[in-house]
Amino acid sequence: MTAVLKAQGLGRRYRRRWALSDCTLDIPAGQVVGLVGPNGAGKTTLLHLAVGLLQPTAGTIEVLGDRPAASPAQLARVGFVAQDAPTYSGLTVADHLRLGAHLNPGWDAATASDRIERLGLDPRQRAGKLSGGQRAQLALTLALAKKPELLLLDEPVASLDPLARREFLQGLMEAVVDQGLSVVLSSHLVADLERVCDYLIVLVASRVQIAGEVEHLRATHHLLTGPRRDPARLPEDQHVISASHTDRQTTLTVRTEAPIHDPAWVVSPVGLEDLVLAYMSRTAADARRPELEVQR
Amino acid sequence: MIWLTWRQFRAQTVAAAGLLALLAIAFAVTGPQLAHLYDTTVATCHAQHDCQNAINAFQSRDSFLQSLVRLLMLAAPALIGIFWGAPLIAHELEAGTQRLAWVQSVTRFRWLAVKLGLAGLASMAAAGLLSLMVTWWSGPFDRIGAGRMDPSIFSERGIVPVGYAAFAFALGVTAGLLIRRTVPAMAATLAVFAAVVSGFAGKVRFHLIPPLHLTSPLNMSWVTQTGIGGPAGPNSLLVNITPNVPGAWIGSSSVTTAAGSTSLGPPPSGCGENSTYRACTAAIGRLHLRQVLVYQPGSRFWALQWYETAIYLALALALAGFCVWWVRRRVS
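Residue numbers (this note's numbering), protein chains in the order written: chain A, 1 to 296; chain B, 1 to 332.
Treat the hints as calculated values from the structure; they're not laboratory data.
Note that this is a predicted model, so its numbers are computed, not measured.
We put the CB at the ideal spot given by N, CA and C, even for glycine.
Heads up, a few of these hints could be off.
As the list claims (entries may be wrong) - Quick list of the computed label-pair ranges, beta carbon to beta carbon:
#1 Ala-303/B <-> Lys-129/A: 54 to 62 Å
#2 Leu-71/B <-> Ala-70/A: 17 to 25 Å
#3 Arg-195/A <-> Ala-125/B: 54 to 62 Å
As the list claims (entries may be wrong) - Residues of chain B clear of chain A, computed beta-carbon distances all greater than 12 Å:
#4 Ala-11
#5 Leu-37
#6 Leu-100
#7 Arg-110
#8 Gly-147
Stated by the list, open to error - What the simulated footprint calls covered on chain A by chain B, stretch by stretch (three residues with Cβ under 8 Å from a Cβ of chain B suffice, anywhere in the stretch; the number is not a length):
#9 100-108
#10 136-150
#11 176-188
#12 209-216
#13 245-254
Okay, chain A solo, but in the shape it has when bound (with noise of 0.2 Å):
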């Protein structure tokens, strides 16, 4: 497995506060990737470090095996739709698409009319004047045409309402068939994520909490409810993310790679949404200790 961003150790540091710290990371190839955790979780941090738009602070990062924004050539192998979507307001949606046919040498104009045509975006309308949705297509059609091999979202649907959303994931989707280029889309929503990645990464308080396949990790989480019991006593391979207990009654939320064979527990799958919301409500002490990661 090569992998698009490699991150040994990286931290950033604001003044006195940390935004990532310590964050030792890798993101496959190939993939559709969803970058998910809580606000203030490094997310935008991680995603600004991985185009050049911060430096590190300490650590190591390499995107696509080289150091961001190290030159020209890089910067043309890495597209980015910051949060919100920035665009220049004063300029039409037709100047956005000249802009990036000046600053892109691999800026493929084909691809970027027939995009905004088929969005029916007017070219002759100021991007001020575009609703957040139509504003987030103009700077994801300004990511694509410059063709890059690594494309990185950040919060792209946060502002969007579900119809848009919807759009916009799709116009994501075709493209990534299209170009087939590895995607890293950020969100502190897994419900937005879950219908189009097929990796996720858990990013709570600069710690990767989990990192897996979709498939993988619904496979290997289950959601035990038995009989009250302490936690410590489960077998060796089933790792408790989350628990709780009533006064006769127990719920555990374990990862593990075996069968659960304990006729005491009933098992049931564990939704994508709930997964991710037991790895993140761990408590501060436990998330400082990262958890393997899971790998096939």
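Assemble chain B onto chain A, guided by the hints.
Same frame as chain A, but now just chain B:
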């Protein structure tokens, strides 16, 4: 990158060019008339022994355009710093569009270098063109009195406006980069620019080249005030002069005794309470006082212009260098 810079800077450039064109038309219409009027009245007034009236009449010509020119030359560099310099990066940081610009296949260094270069050159060209037109149009006015060496006129003629514009522009960009908000950056640009320029004009410019010292017998026609209460005490003689050296910038002037002392001693007997002004000046004339002038002659106009321009251009370059360093290292 050149296209994007032009596209973002187009409106300002067109507005400035339009303003310059309007001014050029106004100058083209009135300029030749002014020159002709000067040649026929002020230049020949000595033959008619009526110079003060001729000068007064000439100086009141085109008074609206004259005040407009003063205002424009005073404001132009500051306006360039405020409206071209300060928003150049601050506006991007404020709108977050640097997150779009810096992820295109152009390094941040090139992005800033092209923006700084093009907009900076445009600033200097606009100021240079404006100053060229103003210097030509005001030529006849500047031949009267201290003329273009007058401190307030000096900074509005020749090439120093180019230096001011470059400095104001770089200052605006730097303020925008550090403050990251357009309006506060504009205010900071204006404050710092005004402080630097007025401080420089007041304290530094006169000493760019060591000024000349000239000691000569007191010229009684320059005496503008006589009385009691000079520098030596309440009962000492006071003589103030207003030197009139055509085309020169007088830094300071003082009156001394023949021995070189600034305390002129008690007033001469001709200057008692009941004596006439004429008798008093005649008595002062018999004291053989001397006058000391510290001044920059008009022949140094261009030397002073070059020095000052070079200093402002160097300041602008230093600020631009800082901006490049900051954008590459610090900002996001």
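Check: Can you name, in rising order, the numbers of the hints this structure does not satisfy?
Finding: Violated: hints 2, 4, 6, 7, 11, 12 and 13.
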